[in-house]
Amino acid sequence: MLKFIRGKGQQPSAERQRLQKDLFAYRKTVQHGFPHKPSAFAYDPISKLMAIGTQTGAMKVLGQPGVELYGQHTLVNNSATELNVQLLEWVYGTGRILSLTAANQLILWEPVGTTLLPIKTLPFDGKLKKVSSLCCSVNKDLLWIGTEGGNIYQLDLNTFTIKDHVIYHDVVLEQVPPAYKLNPGAIESIRQLPNSHNKLLIAYNRGLCVLWDLETSSVERAYIAPGHGQSVGLSVDFRGSEFSWYHADGSYATWSISSAEPPKNVNYVPYGPDPCKSINRLYKGKRGSTDVIVFSGGMPRSAYGDHNCVSIHASDGHKICLDFTSKVIDFFVTYKNNSDDVEVLIVLLEEELCAYDLTESNISAIKAPYLHSVHASAVTCNYLASQVTQSVYDNILRAGDEQDIDYSNIDWPITGGLLSADLEESDEEDTEKLYEILLTGHEDGSVKFWDCTGVLLKPIYNFKTGSIFGSEHDFRDEAAADVSAEQLDEGEPPFRKAGLFDPYSDDPRLAVKKIAFCPNTGKLIVGGTAGQIIIAEFQETFEKSSLKYSSMNMVSDRDGFVWKGHDQLNVRSNLLEGDTSPIAENGVQITGVLQVLPPASITCMALEANWGLVSGGTAHGLVLFDFKNFVPVFHRCTLNPNDLTGAGEQLSRRKSFKKSLRESFRKLRKGRSTRNNPSNQVPTTLEARPVERQIEARCADDGLGSMVRCLLFAKTYVTNVNITSPTLWSATNASTVSVFLLHLPPAQTAATAVPSASGNAAPQTPRRISAQLAKEIQLKHRAPVVGISIFDQAGTPVDQLHAGENGSPPHRLLIASEEQFKVFSLPQLKPINKYKLTANEGARIRRIHFGSFRCRISPELIQNLHGGSPTKSTRSHGDGEGSANISANLSASRGDVYHEIALICLTNMGDIMVLSVPELKRQLNAAAVRREDINGISSLCFTNSGEALYMMSSSELQRIALAKSKVVQPTGIVKVEPLEAQESTLEEEEEEESDKEAACNVEDANILDNKKKQTAPVRGKPANENLDRSSLHLANGICNSNLPNSANETISSSIGDITVDSVRDHLNLTTTTLCSTTTEETVGRLSVLSTQTNKATTTVNMDDIQDINISNLGEMASKSSQTTESSTSSVVIKSVITTISHEKTNGEGEINTTKKTVPEESQF
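In my numbering, the protein residues as written are 1 to 1164.
Keep in mind that the hints were calculated from the coordinates and are not lab data. Check each hint, because a few of them may be wrong.
Unchecked claim - Once the Cα atoms are required to be at most 25 Å apart in a straight line, the calculated DMTMM-like pairs of lysine to aspartate or glutamate come out as:
#	residue 1	residue 2
1	Lys367	Asp394
2	Lys37	Asp502
3	Lys336	Asp411
4	Lys199	Glu242
5	Lys264	Asp291
6	Lys327	Asp502
7	Lys21	Asp626
8	Lys48	Asp340
9	Lys37	Glu82
10	Lys464	Glu543
11	Lys21	Asp896
12	Lys319	Glu360
13	Lys775	Asp799
14	Lys497	Asp274
15	Lys822	Glu919
16	Lys513	Asp340
17	Lys319	Glu242
18	Lys336	Asp406
19	Lys822	Glu776
20	Lys199	Asp164
21	Lys548	Glu577
22	Lys48	Asp507
Small disclaimer: the values here were computed from a predicted structure and weren't measured.
Can you build the whole structure from these sequences, using the hints too?
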């Protein structure tokens, strides 16, 4: 009790709280990978932008590499199916885009910074029926909306209202030849002629196409396709003289606009004469003097109806049918400037994006700069190699360039948007650039290397392990099949295997389970499902040697053990022969394979490249292997003698029935006494203590207790306090931590400590590395250990130190189980500190990592910190050995660089916590991943600089930042053209102060009408370059707006005097940021508020803000409050912005103090 009362008074000082705000801030930054479940695709040939909509309501606009904008549709009637984006249509050249959802809502989106904001919404009622096609005018003022009823409505884009003039289908039928007596059906396609803007080509569903004159409102010419049934769409050429009309029976024909006579080949079916499936999209162009037709679908129904194809047919007889492994959503063809010359084909598939060079007849593939399919083969594990050196990175690139030799070198055609010219400042102490590389292990045994240093996730190398396993006969058959697949088939259709998505694996034992990679030496270790450990390295030169193979049996000395699982993989025998050339590509070589027996899945691995050691753990024990000399060092079986099968029950928290009854009766008695005596309801100080759950010890015979969960190599103090020793630490599911003392040969010890003065010593026979068990720790609660780390006095983990550095003593040991953190002293192993997570909060620890956080602070703050109590922030300024936390005093005006190491923890609830070490005081708590997203939580991995990546779906990754100084986010913007004759009026109304949760300085104000003359020039301004775009709150692919207990909901505390609850009640948003709110978020909230009601008489529009600048917005809001009059179903803004803390993109915070001013004239 005294400890609790004493702890209540130890609150962080004001300086420490200020430092926390400068160091830690949670935000979602950028999304990598391919959108989940895409449903719509659109291209703007003027702005050179493309857009993708998904079934979950997500919107992505992409331009040149680095320009990425995100948007998210919101629920209307609480049905997730309504979010499905069915059509996208660009307002060409303006940067705005229209989307049509399954709820039959038309929404106009506008880019603001790196966010897409819905600025106009038009719901369609029953009279307009279901929308089937859209067409935007070249003048950017009208949108023609075709419906399934056959009528075409005109939407004024400036006022976003339907015009009175409607093209009714019965009016059209009156003017077509009497031979056509059918109901024309739905509007399938609308096209405006490029050479005559007052004429429309309208294609109806039942074989009718008309040329409509907008000036005379009459049919100028009618085209009737004989005997085709359903029509699908139109494609008009560049000159506006002819159009291609394609149909549902797999046929297409090119018609002359000036003649109603059908062409001679009106019944041409490319893959006939058998019945064929529908052609879904068609483009026509030229390659020199050769006509090129590109279309999707049209396959023979009976023979190839299940193929997903895009065909390229040239008039010179050259035909190619690209056969994809996933459904074709849509595609488009880019043309050279002001011509019909085709350039690039870009295909959006259900699982990937593919691009092809149409300028050459061989139609070679193009490597896109973004939207790569991370899940080409199912992802089975993730590993993030942080701070990879330049030399290792170059070796990986050299190996990857050899794999990209077949790709086309044509420039990427999507070049829209503007990139910021500001370059981030690099610290002076950085001597060379370090890279962040994500390694993904896949089901087919491959490991893909992705450069995630910047905004773009770039694939740089694909490391394949499946080729070294199996028989030689199988390998030859697979190689022959791959060669034949690349060649064109002789028959019709001329299939060519296309795309990288291949969800099928020949052998599930090939799946990668664990990866270890050394960022300094380029050593790669891959652990698989069948106990195989593949050893490879990235170097410029290699010694020519054949593949080495070794095996280690962990349970051979256990009588009665029976392995009932799968067999081990067999290495191809021809690779083990002495005269076989090494398995090497340009820059990488597989040196050996270690087989662990029994062939259970690898559960954890550790690599120490400087010592030449690798350790692997399974459900039966662990092995230590010397890969330099390729000899085993030792193995240890962790099986319980009572459980020789190694396969027991699942982990369970056992609770006695007797104790449950006792607690139930206590609750009943307490409830009766409280009801009978109301005075007992007064809370006391002791009752304010958080309830601590009783954690019972797990039984020793719990199943899977023998599984090794984590391994760690460390050079630390184990035997005495003066000398560091090489050690291996292991921990199991049963909370057993073992310490093994390693005896390294002198040469290898010198490599890790002080290099030898003379390197020309005579070669000696290499001594064997040995190991012995030094100490063992058994935690009482027996919870699985998820992480072990040893850090020095400054908090730096010893495994992150450079070779030869030991860090500043004393060292401390951190053991993280699923339920608690515990810090021990070394070498005494005495408990120092403990943090019970499960007992206090009910969550369990899933992953830990140490991250580096830094910021610039003033000298005055340093003095205050030094003058206070010896906290972590004060100690980190001390001149420690090895790693000083103050990097450099760059300038007196900007202050010093403060550096702090903290512990980052992920829980099974999807929360991320940042804790100081060794005090284990919480610095930050953020809801990062939805608690229902099990795959996201299990795939999350941290970087050394306070960032994290996790799989937000099966195909895309979400990047998050926990440090203010290290934020990777898109900086590109899209310039928006102003809407012509745009008018919106805001009436002057006063509003009562009724929101008790609003800030203390709430004042009534009026919104003036003097903004009209500023509207047009304001809309054309690009977003300010100083915007902090890191806190985008639109979660792509996920919309949890109506979930009451959303795990992604994080309270933001730096919005000045806006109360979060008062705003969030009116927003269908799920994710806000912690300790950071930017101008874009504030503007976005106001804009979303204006679109949440359909009957509002006045709305807050984006035009109301003169400039998207945080200082202007803060000054405006501090002078007057913002009110909006609306009807009973609309939203009313009841908050006043009095201060906004703006964070610049380089991590430097700027604090605007709150000022109480007299209400003056508003800037609206």
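Hints versus structure:
1. Only pairs whose Cα atoms come within 25 Å are accepted, and Lys367 paired with Asp394 is accepted, the gap being roughly 19 Å.
2. Restraint check for Lys37 and Asp502: satisfied, since their Cα atoms lie roughly 17 Å apart, inside the 25 Å limit.
3. A distance of roughly 12 Å separates the Cα atoms of Lys336 and Asp411; the hinted pair therefore holds under the 25 Å criterion.
4. Pair hint Lys199 plus Glu242 holds up; C-alpha atoms about 13 Å apart against a cutoff of 25 Å.
5. Between the alpha carbons of Lys264 and Asp291 the distance comes to roughly 17 Å, so the proposed pair stays at or under 25 Å and holds.
6. At most 25 Å may separate the alpha-carbon atoms for a hinted pair to count; Lys327 and Asp502 meet this at roughly 13 Å.
7. Restraint check: the Cα-Cα separation between Lys21 and Asp626 comes to about 46 Å, which exceeds 25 Å; the hinted pair is violated.
8. Pair hint Lys48 plus Asp340 holds up; C-alpha atoms about 17 Å apart against a cutoff of 25 Å.
9. With a C-alpha separation of about 14 Å, the suggested pair Lys37 and Glu82 falls inside the 25 Å cut-off, and the hint holds.
10. Distance restraint check for Lys464 and Glu543: the Cα-Cα separation of roughly 21 Å lies within the 25 Å cut-off, and the hinted pair is therefore satisfied.
11. Only pairs whose Cα atoms come within 25 Å are accepted, and Lys21 paired with Asp896 is accepted, the gap being roughly 16 Å.
12. Between Lys319 and Glu360 the CA atoms are separated by roughly 12 Å; this keeps the pair inside 25 Å, and the hint holds.
13. At roughly 20 Å between alpha-carbon atoms, Lys775 and Asp799 fall within 25 Å of each other, so this suggested pair holds.
14. Taking the CA atoms of Lys497 and Asp274, the gap is near 23 Å; set against the 25 Å cutoff, the hint holds.
15. Under the criterion of a C-alpha separation no larger than 25 Å, the hint pairing Lys822 with Glu919 is consistent with the structure, at around 10 Å.
16. Only pairs whose Cα atoms come within 25 Å are accepted, and Lys513 paired with Asp340 is rejected, the gap being roughly 50 Å.
17. A hinted pair counts as satisfied when its Cα atoms are at most 25 Å apart, and Lys319 with Glu242 qualifies at roughly 23 Å.
18. Pair hint Lys336 plus Asp406 holds up; C-alpha atoms about 23 Å apart against a cutoff of 25 Å.
19. With a C-alpha separation of about 15 Å, the suggested pairing of Lys822 with Glu776 holds against the 25 Å cut-off.
20. As the CA atoms of Lys199 and Asp164 are separated by approximately 18 Å, the hinted pair is consistent with the 25 Å bound.
21. Taking the CA atoms of Lys548 and Glu577, the gap is near 9 Å; set against the 25 Å cutoff, the hint holds.
22. Only pairs whose Cα atoms come within 25 Å are accepted, and Lys48 paired with Asp507 is rejected, the gap being roughly 43 Å.
Going down the numbered hints, you'll see the structure goes against 7, 16, 22, while the others check out.
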